[in-house]
Every structure is written in structure tokens, then in C-alpha cells.
Amino acid sequence: MTSQAAGPARTIRVVIAKPGLDGHDRGAKVIARALRDAGMEVIYTGLRQTPEQIVSAALQEDADVVGLSILSGAHMHICPRVVTLLGEQGLSDVLVVVGGIIPDADIPRLNDVGIRGIFQPGTPMQDVVDFIRRHSRTRAGV
Amino acid sequence: MPSVDILYTQKDIESLDYARDLGDPGQFPYTRGLYPTGYAGKLWTMRQFAGFGTPEQTNERYHRLLEAGGTGLSVAFDLPTLMGRDPDHELARGEVGKCGVSVASLADMEVLFQGIDLGAISSSMTINAPAAMALAMYLVVAERRGTDWRVLSGTIQNDILKEFIAQKEFIYPPGPSMRLVTDVVAFCTTHVPRWNTISVSGYHIREAGATAAQELAFTLRNGVEYVQHAVAAGLEVDSFAPRISFFFNSHSNFFEEIAKLRAARRMWARLMRDRFKAASPRSWQLRCHAQTAGVSLTAQQPYNNVIRTALQAMAAVLGGTQSLHTNALDEALALPTEAAATLALRTQQIIAHESGIVDVVDPFGGSYFLETLTNELEQEALAYFATIDAMGGMIPAIERGYPQREIAESAYRFQRAVDSKEQVIVGVNEFAGEEDVAIGTLHIDESAGERQCARLDEVRRTRDGARVRAALDRLQVGAGDGSNLMPLLIDATRAYATVGEMCDVLRAVWGEYVEEPVL
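Chains A and B supply the protein sequences, listed in that same order. Read the first sequence against the numbering used here and you will find it ends at 142, with the numbers running on by one and no gaps. Read the second sequence against the numbering used here and you will find it ends at 1519, with the numbers running on by one and no gaps.
Worth double-checking, as some hints may not be accurate.
Here are the simulated SDA-like cross-link-like pairs (lysine to any residue), alpha carbons at most 20 Å apart as the crow flies [stated by the list, open to error]:
no. : chain 1 : residue 1 : chain 2 : residue 2
1   : B       : Lys1421   : A       : Ala38
2   : B       : Lys1421   : A       : Leu91
3   : B       : Lys1421   : B       : Gln1301
4   : B       : Lys1421   : A       : Asp130
5   : B       : Lys1277   : B       : Phe1385
6   : B       : Lys1421   : A       : Gln49
7   : B       : Lys1421   : B       : Ser1296
8   : B       : Lys1421   : A       : Gly46
9   : B       : Lys1421   : A       : Val128
10  : B       : Lys1421   : A       : Pro121
11  : B       : Lys1421   : A       : Val129
12  : B       : Lys1421   : A       : Asp127
Covered by chain A, per the in silico footprint, the following chain B stretches (three or more residues, Cβ under 8 Å) [claimed, not checked]:
no. : stretch
13  : 1137 to 1150
14  : 1410 to 1416
15  : 1421 to 1433
Here chain B is said to cover these stretches of chain A; the calculated rule only asks that three of the stretch's residues, wherever they fall, bring their Cβ under 8 Å from a Cβ of chain B [what the hints assert, rightly or not]:
no. : stretch
16  : 16 to 24
17  : 30 to 37
18  : 73 to 85
19  : 117 to 126
Simulated from the structure, these hints should not be mistaken for lab results. If you're wondering where the values come from, they're calculated on a predicted model, not measured in any experiment. The beta carbon of each residue, even a glycine, is placed where N, CA and C say it ideally should be.
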């Protein structure tokens, strides 16, 4: 648990983004509020963000976490792209999590590109909060 | 969930006046149903929403559904089509054919309805921002086959307000979006008289998290907005109002959903007669489609979804729906397989032919509880009407984020109730046993996108480019003046202009809507 190593942790900053053409934003908004109520700083990008826009928001907002909400089946196209672009910006320590309709079969491939936080339908909000608290980068070195 | 008492008695419905508040089935205010004989006269239409991959794949599914006893078609388009983007557009990458069928031009629409007699079947098309373009394509397919537009029967969703409120598949700002809606209404009133021109939808509002009362309120208030716009455009209310239909969610609280459909009919009848002075009983009658609640389906223990859907479908039938879609058990995971979609249809057939539910009209009519619930939902919805009217109508309310915020609040409250187990979801937060079986799901690979891009190339190569350009130029001029755009879209469609090209012309004139996100 590295978060205990560097003095008082700053507020975790999370960019919640809705990539792709899908407009179903219930999940993104509910999670944004849950994270905010858990004491995190949440920036919601709104709809139809390209991977480039999402990474640029993460950079500008000094985000510790990028949360993607995808229900359209386009996750295998979008998620790896976001991870790659974050790396290109020197943001590979930003935690990327994804929620939505993600079939089990796709999880290993998402893990392979470095996405560990994958939240399928039915996940309690507290599980998402706990995962982010455990895995987001610390204040030190930021 | 409604807040209910443990017992209801005669006292609770003392002020209910049978003739004023209920009426016999078939009589104003239609609380008890639109038809004196209920389903004994005619069953509801079993209309299963379907679409995935290429037009060929979806056409094949339609034939299977009709062979299995489905009685209407319902097209699910993919996201690029719904957003007015061609399959080869950068934003369409990874999305072609994923959430529905890709229909980029007349060439695709011709394949989609191959072997299906458009004069004999009713087709519903769930599309909104490019509704006019989709309808234009359907009309040109009919025209090519010699089917008279006057006999065509079906529905175009064409409900842009709920897109701004809930589902967010909008393209243009509210003003020009409403003009497109009204152009479809005006055109069909004259040329396609049996077509339902708007399906005013609560479904997506509910899926986004609204309560039953909010679904009822925002949907009917949207209906009011459409009627006002059509009247303002010079249409006589009784000429178009009978062709406005509704689309509701049928959710998990059994009695509340029955009450909601009853309240909706009563409210609409009164609104149309009293607020809009409609004289024709057909204008007073709220006809609706219902779909079971997608959001209630769980990825865990997926077979439980069959039971959820059956209960929700029963509520819609007891509420008196005219048409019904039942969700498939695998839809929390993917688009349904053929086997899952067939089982969903069988669920409706069992309700219709085995349960006896259809033998009596409005069997819960007069129930102390159900009549109270009907009244309460109506009262709660009317309170929302007062708030929205005070804001100057639904468009100013949307621009202020009012319905969006109300819905987001309800969604969050619901999720907290689930997390605290105040709201039990079987197999998810309680009774999460070992029977979490893996089921086979439909997988749509990238080949649908490749095939659609290939056909698009073919269309662009073989069509008369000059004719397309001329038609699109006329569309651009029309967008800037007040002409009805339907004839211009139909002309462009005949020339094989694509959905993306037609939408881009209007984007250039009207701009695109960007919403202020509301948390």
C-alpha cells in the first residue's frame, strides 16, 4: 500500500469520461457522484469524447484516475487507445478503469493492455471506490 | 418504488367518480382501456426490437421472428446510424453494427426489408435525430416495390426531446430538431396517413433512472410540446394527433406499472380534449407500445431475467398496452442470440394464450389499491407539469437541465438503495449463489463494419454523383428556408445520398448541440 508512504494523501482526482457515440450516461453519472461523495475530486467530461480528448482532459486536470463508461461494445477499440495515448503523454501511472457492458471474454485482453479495474453490471459503487483508493497513484512524485 | 400503505379500502377511493375518472373501456377518459372488448377483440402486437451487424444479418433475424409468430417488426439501428454518421466516418470506428443494424443508404434499407411485404407488416423504426432520413429510405423502398404510401403502417420514433433528456442521441440544437420532427408529422399527415409520426417515449427516460411518476410526467409533457409545435406550424390538431403514439417502460414494481399506463391514458385524454380542444375521440386516445425494463436485467444468474421479464410483460398487458417487446435473458451481457430472442417472444405468447389474463378487460379496475396508485401517479405527474409549464415549457426546462437533474437524482438514490440492500436485486446483492452460469452470447466482430464500408464504397462509385450533389444542394437551401424537408430528403435518398451526407448538410446549416453535463 504505497499510499501510506508519502504523508497526507491529497484528494484523488478522477476524470470520468464517456467515449464513443453512445449517450447512455446513467452509469457514468452515478459513479461520478459516488466518487465525489467518497471525497474524490471528480471531473465529468460529458458525452462523445475521443480518446485524444480524454487524455488531454487527464493531463489538464492532473488526474490520478481515468474512468471510462462504455456500453456500446466499442471498448476493445477505445480502451487500449486511451492507455497508449496516456503513455505517450508520460501518464502511464494514471489508473484507467472501465465500467459498462464488458463481456468476460474481453477481460484478459483488457488486462493485457494494463486495465485492471473492470466493472461489469451489478458492481456496488463501494467496490469501485475501494478499488480506486487502493490502486490510484499517490501524491508523492506528482 | 412507490410508497404504499399495507391496506387500501373503500375510503381511499371515495372521491373517485366512475364516469368522470374511469369510464368503461373504450370511453373517455380511457383509464380502463381504449377498446370495449380489450384483448378479446385484438391481441397486442408482439413486436420484438431487433437489429445487429449488417442489413443481411438483421433481415435474416426478421424472417426468423416472423416465422416464430411475431406480428410486427422493429428496427434497432447502430450508433453511427443513430448519430447520422456513415460507417467509414472516424467516429464510427469500432461501433458499426454493434448496438443495432448499420443502415447508411437506400441500398442498405432495401436489403433490410428483402422478402418482407411492406404493405402487410407494420414496422417500427427506433431512430430520432435522423428519423426523417430513415423514414425517407423506408418510403423509397416502398415506392420502388410499388407499395402505396397510403397503406404503409408503422412508427418512426422521432422523439428528440427524450434524447435531450435521457438517451442523448441528438445532433442538432432543439429549435431545428423540433422543426425536423414537425416536418415528419406534417408530411405523413398528408402522404402516409397510417404512419405513427412520433412515438413519445418514456422508455429511455425510465432507463436513465427516472421513477414511474417522472417517466409519466416527462413523457406526457414532451407529448404536449410536440402538439404545441405542430399546431404552431399550422396543423389542425385532429389532423395529426391520432397518429402520435407513446412508448413506455414496463418496470419491476408490478402494480405501479399497471397504474402508470392507466394514468397515462386518463391524463392524455384530458390534455387533448381540454388543453388542445381536440374534438375527435381518436385524438384523445393514448395508444402505446411497451417494453420490459432493460435496466432491470442482471448479468448475474441470467436465467432470472426470464422471470423478471415475464412479470413486467404481465404488468404491461394488464395496463392495456397495444404493442409489446419483451427483453431477452442475455441482454445485460450483449445483444440477444436468436434462441434468447425467441424465448422472449414465447413469454408473450404464453401470457396471451395460456394465462387467461386477456379474457377480461382491465381486471384490476375498481381495486382500492390500484385506483389509488393511478390517482397518485397522476397527481405527481401533474405537479411536474406545473413546474415545467412555469419554466416556459419543456425546451427551456431541458436547457436548464431540469429533467436531467431530476432523473440523475433518482438514479443515484436507486443505486444507493441497492448498495445498502434496501432494494434487493436477486442474484446481485442478495441470494448471490453459485448458479452464476455462463451463457453463450452474440458476438459482433469487426467484419460487419468492413462489409458496410465496402457497400458504401460501391454505392458511392455507382450512383449518379451529380444527381446526389444537386439533391443535397436543394436540401441545404431548404434547411435555410421554411420548406418541409421530407420531400427534399426523399429526393436525396432516391439518388442514394447517404445518411451521413444528408445529416452533414443539416449540420453545416444548423450546427450541433453540445449539452452542458448535469451530474
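**OP:** Identify every previously stated hint that the structure contradicts and give their numbers, smallest first.
**Re:** As far as the earlier hints go, 2, 6, 8 and 13 are violated by this structure, in ascending order.
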